[in-house]
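This is what each chain is made of:
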Amino acid sequence: MKQIVSALLLLSLYLGAAAQSRRVSGKVTAGDNDSPIPGVSVKATGKAIGVQTDAQGHFTIEVPEGVTSLEFTYIGYQKITVPISGNTVNAKLESTTSGLNEVVVVGYGTQTKREFTGAAARISGAIVKDAPVQSFDQALAGRAAGVSIASPNGVLNNPPVIRIRGVNSISLSSYPLVVIDGIPVNTGNISTSTSVPNNPLSDIDPADIESIDVLKDAASTSIYGSRAAAGVLLITTRRGKEGKAKVVYDAWGSLTKAARLPKLLDATGYMKYKNEAVYNAKVLGGNENNSSVASALFFPEYNADGSLVNTNWYDYIYRTAYSQNHNISVSGGNKTTNYYLSANYSNQQGFVVDNEFKRKSLRFNVDHEVTKWFKIRAGGAYNTTFNQSQNTGSLPNSTFLLIGAARLATALAPNVPVYNADGSYNLSATGTLGMGNNLVTNTLWNAKALFDLSSYTTENDRFQGNVGGTIKLPYHFELNTTYAMDRLRTENDTWLSSQLGSSGYSVGGSATNVSALRNNWDWASTLSFNNKYRKHHVTALLGYDIQKFETTSWGAYATVAADNFFTNYEGSYSTVAASGNSKSQKAFISYFSRITYDFSNKYFLTANFRRDGNSALGANSKFGNFGGVSAGWVVSEEGFYKHLNISHIVDNVKLRASWGRVGNGNVTNDYASQSLYSASLYGSAATWYLSQAGNPNLAWETSKQTNLGMDVALLNNRIQVEGTWFNNDVNGLILSAPQSASKGIPDNAILMNVGSMYNRGWELGVTASVIRKENFSWDASFNYTHINNKVTALAAGNSDIIGYTHTSSEASNVTRVGYSVGSLYGAKTDGVNPENGRRIFINKAGEKVQYSATVGSGESNWTYLNGTTASAISASDYYLLGNALPKWYGGLSNNFRYKNFDLGVNITYAGGNYVMNGTKATLRDQRFYNNYTDISKRWTTVGQVTDIPRLVYNDQISNGSSYPISANVEKGDFLRLQSVTLGYRVPSKVFGTSGITSARVYASGNNLFLLTGYTGTDPESSSNGNSNTTPGIEKNAVGQGRTFTVGINVGF
Amino acid sequence: MKKIYLYIGLGILLGGSSCSEKDLLDTVPSTSISDANAFGSATRILGLVNGAYDAVKGASLYGGRYLLYCDVRGEEFINVTANSYTAYESWNNSYNSGSNDINNLWSQAYTAINNANIIIAGLAGSTGVIPDTLNAQYTAEAKYIRALCYFSLVTVYATPYNADQGASKGLPLRLQAETDDSNNDLARSTVAEVYAQILADLDAAEANLPDSYSSDLLNTTRAHKSTAIALKTRVYLTMSNWTKVVEEAAKIVPQTTAPFSTTSYGVKHALQSDITTLFGTTYTTTESIFSMPMTSTDSYSGQSAIGYIYNANSEYYLNPSGILGSAQWGSSDKRRSLLRVASNLYYLKKYAKASPYVDYIPVIRYSEVLLNYAEAAAQTGNLALAANLLKAVHARSDAGYTFADGDVATAAALVSTIAVERRIELLGEGFRSGDLLRNLQTIPAKGSSSLQANAVEPSASNYIFPAPNNELTTNKLY
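Those sequence lines, one after another, are chains A and B. In terms of the working numbering, the first sequence opens at residue 34 and continues consecutively. In terms of the working numbering, the second sequence opens at residue 9 and continues consecutively.
Because the hints were derived from the structure by calculation, they are not lab data. No experiment lies behind these values; they were computed from the predicted model shown. All C-beta atoms in this analysis are idealised placements derived from N, C-alpha and C, irrespective of residue type, glycine included. It is possible that some hints are incorrect.
To be verified - Straight-line distance between alpha carbons at most 20 Å, and here's what the computed SDA-like set of lysine to any residue pairs gives:
{"#": "1", "chain 1": "A", "residue 1": "K315", "chain 2": "A", "residue 2": "W895"}
{"#": "2", "chain 1": "A", "residue 1": "K393", "chain 2": "A", "residue 2": "Y378"}
{"#": "3", "chain 1": "A", "residue 1": "K581", "chain 2": "B", "residue 2": "L33"}
{"#": "4", "chain 1": "B", "residue 1": "K30", "chain 2": "A", "residue 2": "Y577"}
{"#": "5", "chain 1": "A", "residue 1": "K112", "chain 2": "A", "residue 2": "N749"}
{"#": "6", "chain 1": "A", "residue 1": "K581", "chain 2": "B", "residue 2": "K30"}
{"#": "7", "chain 1": "A", "residue 1": "K616", "chain 2": "B", "residue 2": "D34"}
{"#": "8", "chain 1": "A", "residue 1": "K675", "chain 2": "A", "residue 2": "N749"}
{"#": "9", "chain 1": "B", "residue 1": "K30", "chain 2": "A", "residue 2": "F656"}
{"#": "10", "chain 1": "A", "residue 1": "K315", "chain 2": "B", "residue 2": "S456"}
{"#": "11", "chain 1": "A", "residue 1": "K616", "chain 2": "B", "residue 2": "L33"}
{"#": "12", "chain 1": "B", "residue 1": "K361", "chain 2": "B", "residue 2": "T285"}
{"#": "13", "chain 1": "B", "residue 1": "K361", "chain 2": "A", "residue 2": "V540"}
Claimed, not checked - With the C-beta cut set under 8 Å, the calculated list includes, among others, these residues of chain B facing chain A:
{"#": "14", "residue": "D43"}
{"#": "15", "residue": "D188"}
{"#": "16", "residue": "P476"}
Stated by the list, open to error - Estimated spans, in silico, between C-beta atoms of each pair:
{"#": "17", "chain 1": "B", "residue 1": "N352", "chain 2": "A", "residue 2": "S904", "range": "33 to 41 Å"}
{"#": "18", "chain 1": "A", "residue 1": "V473", "chain 2": "B", "residue 2": "N45", "range": "56 to 64 Å"}
{"#": "19", "chain 1": "A", "residue 1": "A462", "chain 2": "B", "residue 2": "A204", "range": "51 to 59 Å"}
With these hints in hand, go ahead and build the complete structure from the sequences.
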């Protein structure tokens, strides 16, 4: 067969040469950036004559008589035909990533956008490649309709808060399923420390990503069945393309600074306001004339040169951080074999002192066509990533830690020095910051000593690889199988010095090492059918997928260091105990199928079905059946449409609808359904005890999703509009159903399927080629999502689920029937009483009560406004204070190109939600904490209207330190200039014979400004990370930094 | 040829299926066992028994904090930190249904009760794994644990028995193993019914508990016959059933004059010559009838450890107008060496070990039994015996002290003197508020210049702990 083809080819060449022919040459460039495209197939229309472009995109072809045009084809670009006029024909290829021919990666396959009838968004890898981030997911903010991505804080390598069409569960994760080259991978934070985060997605070099496809509706995701209730991110890594080897070097360097830090009092201001509070307390306590009660407790300290000690703690906690990232790749191939090889080195600093991220990675992908019917493909990536950070108080469950850097930065006293005159740390007898001449006891640490004397790291060693093959079978069948492995070893190390000033001083120093191995493999096989018969196009898919996760973790905790010389676990310690031990496994087995049918490129139908088994669910309900149907109608293909006037303006109109049922069984505990006994000790005797009451009927959460959409292309495809309405009803929510405490069940709860909620909304995406001229172009893309979340049922009696921020005294959120998940919660306040400067609260009866932290003997701290004694505000008086989930969000990106310059401007926005600015409570805290300069607006005189109560020393209630108050709830609406990038493409003539084919230099800024009425550090902050039940809390966390980057992309 | 393709294809596709669904999906943990295997071996059953004791040792219960709550409610201590994580709300009697102390104590005690019920249910018939005699012994230990927990709850969460002879609503009386989501609703039994159950359990326990175990450690940390009897003296004392106190106490205190010691059973319980050896030196003497063992691998730290709260972090000092100033507590009294002074303030150092906090927590001591017996003897007119018992306890620590005649002359004087002696002898061991409540006395006011706690009358709602939210919201019949 092959010989015959070759012979025919040779023959035609010969015939062509024999006839009258002429030579035509030209250059092929990419439409979006004018870079030359090597390896483009150039063919004389209607003839078998063809050549390929060289590395500079040049070609020369002998064109026989009678041929009037050339066809240009290249993978990933739209085929174009250019008429021959003269001896030079230049062509510009537009990438296929626009219009209905765009390829969409769907579960276990691809479809064109025309065929696709669900809801999905594709994000090009180019968007994440040059972003100064640690993991690709951080760079997706604002890029796709329906996808909300927020950075919870400014610590490096934090998992962002990702919500695809809202919060889709209460107890289980709302993080989407992330599938990398076919294998679902671990997500979330895998660090065992609340100081340093470790997002395993940072193990993927962003530059290796070809595309990110976001599957949003059930019809698209249900092929992932039980795993897909929160949406799916399908990551495809780069692979080689036919053509000469292409070498690309990308590098960037950046600097980052903290942004929007609150302005704090200096030493003088600190003493003034603290002493005012001390004096007020004395007066209110009836001790105005009692000389044994102090009138002031805060006094200055002077340097040797006589100047006032005035410490700016920001200087010791924040810094200007420098980062660099290098990436090199080689790719290419011939007709049968393609390869891609890349290496990455990243060394990034965070703007909090000691915060570091380092990655080294290598990736290799290869595709080979063994025979006409058999292809194999393989890939592998190895990486190490290293994360280090001091405790910033920003990660979940660290908000109130006394070692949290963000709180230390604002609360430490400015009128005492960091060091004593002799150069030693300024410390108290217990190792906290020494208070100099101030006559108060301090419980906060000297940040400088604390940081010097401790370290928290987490480091990954990971190999991800896959091998697969495709066999073409007769009758249009094709068999595909892929085995993928993902082996991730993490070591989490914590060291606290035995020296005074370290938080480990009281236990004589400590070191904890915990090593975890996450072993994950997946084997998926599909049999597919794809055939066109006249106008009928049918595809079918039948598949089988097994995935297994094994997680082992073990470690040890050592205390009492033999010497303060030791800075790691390997040193000598007196006592060692086991720490962090666990071992579990989880498996999924899935059978799935999909059938698509389209007629005449006009009518499209897709149906899919999946049966899933999940080992973590109850013995009686491990399997669930999921599926969806969707349909599309390309109206513009209809004959009648083509006669309508509108068809001159509106090129393409497609309607689509889908319905599907997906599940969620991603319980974090691999044995959640079982009744278990665990072992412990009673003194030195071994014990067994009931540690978990199971539920053999624990089943999937299911969501029924309906999706209606329309895709429209206008003005020669220059404007594309996608609109989608969706409704997602989630039932059988897995909740920890509270059990009567007198039953003595562990944790007084059993996981059960109770409760339901919905997410309803619509999304709009518009992309437009606003201007497209030879030297100037402007592309814009805008997306908007409106979403409404409402809980419709909860566990027995629909009782509220209270969400806590770090401690059980901070009941910060409530999930209540009739409201959105995790609404803000706390005591309701009504300003400050102008008569006496006391904070006014509203109790559960709706009555106004006021609070004074200090009162005379016989008086009550809590009174009605008329002065009579009132009950103290307690949790039973709390109100729901506002929805914490954004009701609308989206992004706007603009790309301009002028000659060799390009400019990208990316804006994100969100709103309709409220944020608990808990940090404000700390900034107004009336203990020995420093305050912000706004404290000057405190109440001082009768009749004064202000929101800051009279300063009373040790008042922890009036400003929200003891428990959340509504005075700190603010609207979260914002618009952020996420990134601005200005690039310059060096003209290719500059390179001469250097071998360089393209070069671009760029400079960019991230988080350049934030337009918001929110007065906290950042309205996207989330002290509880990705938690569904406690969103919208900013408390004692570091905000996001502002980053400036310069970079270069060079192609060889 | 085509057929070969098809076979290869099907082979690969089905190859995956060769991993059995069952193997993959029916995962079992390797670090815990399923309920089906919990009673699978003699070692595991013993492990379950120890597990129930360990639940009693929970931080909120006899791991230490229960003692703390009961002590600081009374007038002996002054709080300095106003920290609700270290029993401040117990101290100033300001708790509500949402308070941590209230919810944690309730949950922990009922966890121990459920663990005991699981053992009782699991051993209801012959197991085929352990001999029936051992079966009976373990059941008796479980009943002892259940009785101790119900007694610990009913004395703080329910109206005192003496207020109305137990007619008030008491506790939900859970007597069956709970391992699933049924039976959330259970009405409260009366206080009298709860006491009846406690005594029935203790009688049953006494019948089947061993005389002694093979080591001092086991004699101190697991229940034997005398343990159940000793607890009965406390229960009957709380009910003011003096005759029964005398009857039970006589079993383990057969003498009428000092020295007193148990003779009838295996463990010869007796007072040690120096009380301080019990705290910090030898935790397993015959005076310690029942204690919670602590080791460096199984102890509490930080705010869960009462040694940290009382001593290391100095959060409570002794109220100068409490028992500290009592004339009965002489300066040469050995028990004063269980205090330390700093800046003229006295701190309790019965739990004095620094981290790790490995001081055993005492639950029942022989000296308490002697004082229980003394009080009942005084109440029943046996003044000589009462005085002998009282003096035995006092003289052990302060041999030179002589009780004034007026202090021991009448039954009423004796009862009052014994009450004072209890405050000295059992300070910091969780007795003070229980003694106030069983006598329906007002909880006195106390305080310092900065923190004040008001007096609480027996009629006040905060005289007893409120029911916790975690019961109120789930048990509709409460």
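Hint check results:
no.	hint	verdict
1	A/K315 / A/W895	holds, 18 Å
2	A/K393 / A/Y378	holds, 5 Å
3	A/K581 / B/L33	holds, 10 Å
4	B/K30 / A/Y577	holds, 16 Å
5	A/K112 / A/N749	holds, 16 Å
6	A/K581 / B/K30	holds, 13 Å
7	A/K616 / B/D34	holds, 16 Å
8	A/K675 / A/N749	holds, 14 Å
9	B/K30 / A/F656	holds, 12 Å
10	A/K315 / B/S456	holds, 17 Å
11	A/K616 / B/L33	holds, 16 Å
12	B/K361 / B/T285	holds, 13 Å
13	B/K361 / A/V540	holds, 13 Å
14	D43	holds, 4 Å
15	D188	holds, 6 Å
16	P476	holds, 6 Å
17	B/N352 / A/S904: 33 to 41 Å	holds, 37 Å
18	A/V473 / B/N45: 56 to 64 Å	holds, 57 Å
19	A/A462 / B/A204: 51 to 59 Å	holds, 55 Å
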